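Chains A and B, in that order, are what the protein sequence lines are. Just so we're aligned: 238 in our numbering is position 238 of the first sequence, and the numbers increase by one with no gaps anywhere. Plus 1000 on top of the position in the second sequence (first one is 1) and you've got our numbering.
For the record, the hints were derived by calculation from the structure and aren't laboratory data. As the structure is a computational prediction, the values presented were derived from the model and not from experiment. Quick reminder that beta carbons are idealized off the backbone N, C-alpha and C, glycines included. Watch out, some of these pointers could steer you wrong.
Listed next, the stretches of chain A that the computed footprint assigns to chain B, with coverage defined by at least 3 CB atoms under 8 Å from CB atoms of chain B [what the hints assert, rightly or not]:
#	region
1	16-29
2	42-48
3	231-242
Simulated crosslink set (DSS-like; lysine-lysine; CA at most 30 Å straight-line) [said to hold, decoys possible]:
#	chain 1	residue 1	chain 2	residue 2
4	A	Lys21	B	Lys1022
5	A	Lys22	B	Lys1231
6	A	Lys59	B	Lys1247
7	B	Lys1231	B	Lys1029
8	A	Lys59	A	Lys221
9	A	Lys247	B	Lys1059
10	B	Lys1021	A	Lys29
11	B	Lys1247	B	Lys1221
12	B	Lys1122	B	Lys1022
13	A	Lys21	B	Lys1247
14	A	Lys247	B	Lys1247
15	B	Lys1127	B	Lys1221
16	A	Lys29	B	Lys1029
17	A	Lys247	A	Lys127
18	A	Lys29	B	Lys1022
19	A	Lys59	A	Lys22
20	A	Lys231	B	Lys1247
21	B	Lys1122	B	Lys1231
22	B	Lys1022	B	Lys1127
23	B	Lys1231	B	Lys1221
24	B	Lys1247	B	Lys1122
25	B	Lys1029	A	Lys21
26	A	Lys22	B	Lys1022
27	B	Lys1029	A	Lys22
28	A	Lys127	A	Lys59
29	B	Lys1127	B	Lys1029
30	A	Lys247	B	Lys1231
2 protein chains.
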Amino acid sequence: MNEEEVVDPSHPRYQSLMIRKKIADAGVKGMLADSAMIAHGRGEAFDYLLGEQTLPSAKDATREVAARLVNAQRPVLSLNGNAIALAGQDFLTIASQLGCPIEINIFYRTPERMGALLGHLKLLNQKLGLDVEILGGIPDARIPGLEGPRGACQQDGLFEADAVLVPLEDGDRCEALMAMGKDVLVIDLNPLSRSSRGCSVAIVDEVSRVAKNLIQFIPEKPSVTEWDNNKALQNALDHILETMSNKFD
Amino acid sequence: MNEEEVVDPSHPRYQSLMIRKKIADAGVKGMLADSAMIAHGRGEAFDYLLGEQTLPSAKDATREVAARLVNAQRPVLSLNGNAIALAGQDFLTIASQLGCPIEINIFYRTPERMGALLGHLKLLNQKLGLDVEILGGIPDARIPGLEGPRGACQQDGLFEADAVLVPLEDGDRCEALMAMGKDVLVIDLNPLSRSSRGCSVAIVDEVSRVAKNLIQFIPEKPSVTEWDNNKALQNALDHILETMSNKFD
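All chains, full assembly: derive it from the sequences and hints.
This is the structure:
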């Protein structure tokens, strides 16, 4: 552990720094691309603007996502490196609650990184005494419209899923999954991102806070509603606007 | 070069991705702390909200900073790893225009990182045929109120400077430099940061764009004005607010 990894619990942004530490640790373990740290920083900025809290509209969106996952025929959790680093354990619990697989999907696919992520989830699976199916290691299907390794997926996972939870997903992939007719459920701190705007339900909240809330909501088996995604996004924006308004008058 | 470092010039965010690549390359050279990537990502988010452009208010602030550097008795450019990675060459040109030293000041000081940064600047100095004095390697004074290596500085550099340019500086350091009675000139993409709010003049703009503008303004020898820092910050915020307003109505 080097000096920069020591976090003082009295620091006003202690939670944020602890979350950051998870990303740094996962980087050391070879689970992340270089750009993962930068992506995390972008998220940090938006979380800072949201006040590092779960807004009521985000909680509603999380309940809606829980409802859609519970009611889906073939839900899948599609996780990338950052999602696994930040909330791998909680996503295993969620997959177990739903009886669905996790599929690892990473933007910059290398065998080493894929191996590190698979190994990490399998170890957590054991530790929790769970038996969640972990897909993604042997892709045998393609998402139409996505070139190269980014389109790789598994037939009995992402390809045939009717509802997909995609935390921290890039815009192209979201669009391609929507075009396949799936219910695309996004977790993204940027309410203006293409992912947030182009999906079925976007939760504008930090991924580890969302995972904890999903674990609470799923057993309640909430009902699916007519969800107005734009309304929820505007609500998150309005909160940021409020934070920024007339600061210096 | 690995796959993620290839940037397509037709990408809508090509400039932003090229800037990001400079940070990644500097990381490989040992010039940066782990947290540098995350800090860069935070900046990227704010630049995205600003439209990745220099606002008129930022251009005015840059002209004011040029004026104050030109008119100072002992100006110093205080550079950290990210500032050197993003605009090291341009800051050497600026220091040469002003006839002032650069002092390297890094939050997480290790001999290796300091050596990598000193070596990088000295090489650029040679390449440009300049003879800019590079301080920071042998600190012999302390900034009052800052503990540990963060307070280290050089007597004939930062310690005795009357005006200091501090790109991407942390809030504590800015405050401590202000308390020393210096003219503290900040470059920071977050108009709400403690650095932006607590300094003499904040330029809310991306550091490599600012450096290019400073090179243009310094030879014009602009006059120092009564600068209203809060007004300029509110202007940047208002632009972000505008970007975010009624997106989903």
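Taking the hints in turn, this is what the structure says about them:
1. 16-29: Held - the region 16-29 of chain A has 4 residues with a Cβ nearer than 8 Å to chain B, which meets the minimum of three.
2. 42-48: holds (count 6)
3. 231-242: Per the Cβ count (6), the hint holds.
4. A:Lys21 <-> B:Lys1022: holds, 23 Å
5. A:Lys22 <-> B:Lys1231: Roughly 38 Å between the alpha carbons, so the hint for A:Lys22 and B:Lys1231 is violated.
6. A:Lys59 <-> B:Lys1247: With a Cα-Cα distance of about 21 Å, the restraint between A:Lys59 and B:Lys1247 holds, given a limit of 30 Å.
7. B:Lys1231 <-> B:Lys1029: Distance ~40 Å between B:Lys1231 and B:Lys1029 Cα, so the pair is violated.
8. A:Lys59 <-> A:Lys221: holds, 15 Å
9. A:Lys247 <-> B:Lys1059: Cα-Cα ~21 Å, so holds.
10. B:Lys1021 <-> A:Lys29: holds, 22 Å
11. B:Lys1247 <-> B:Lys1221: At roughly 42 Å apart (the allowed maximum being 30 Å), B:Lys1221 and B:Lys1247 break the hint.
12. B:Lys1122 <-> B:Lys1022: holds, 18 Å
13. A:Lys21 <-> B:Lys1247: Violated, because 34 Å separates the two Cα atoms, which is more than 30 Å.
14. A:Lys247 <-> B:Lys1247: The hint holds at about 22 Å.
15. B:Lys1127 <-> B:Lys1221: holds, 27 Å
16. A:Lys29 <-> B:Lys1029: holds, 20 Å
17. A:Lys247 <-> A:Lys127: Violated, at roughly 48 Å.
18. A:Lys29 <-> B:Lys1022: Holds. A:Lys29 to B:Lys1022 sits at ~24 Å (cutoff 30 Å).
19. A:Lys59 <-> A:Lys22: holds, 24 Å
20. A:Lys231 <-> B:Lys1247: Roughly 10 Å between the alpha carbons, so the hint for A:Lys231 and B:Lys1247 holds.
21. B:Lys1122 <-> B:Lys1231: The hint is violated at about 38 Å.
22. B:Lys1022 <-> B:Lys1127: holds, 18 Å
23. B:Lys1231 <-> B:Lys1221: holds, 23 Å
24. B:Lys1247 <-> B:Lys1122: violated, 48 Å
25. B:Lys1029 <-> A:Lys21: Distance of about 22 Å is within 30 Å: holds.
26. A:Lys22 <-> B:Lys1022: holds, 24 Å
27. B:Lys1029 <-> A:Lys22: Satisfied, since the Cα-Cα distance of roughly 24 Å is no more than 30 Å.
28. A:Lys127 <-> A:Lys59: holds, 29 Å
29. B:Lys1127 <-> B:Lys1029: holds, 18 Å
30. A:Lys247 <-> B:Lys1231: Holds. A:Lys247 to B:Lys1231 sits at ~10 Å (cutoff 30 Å).
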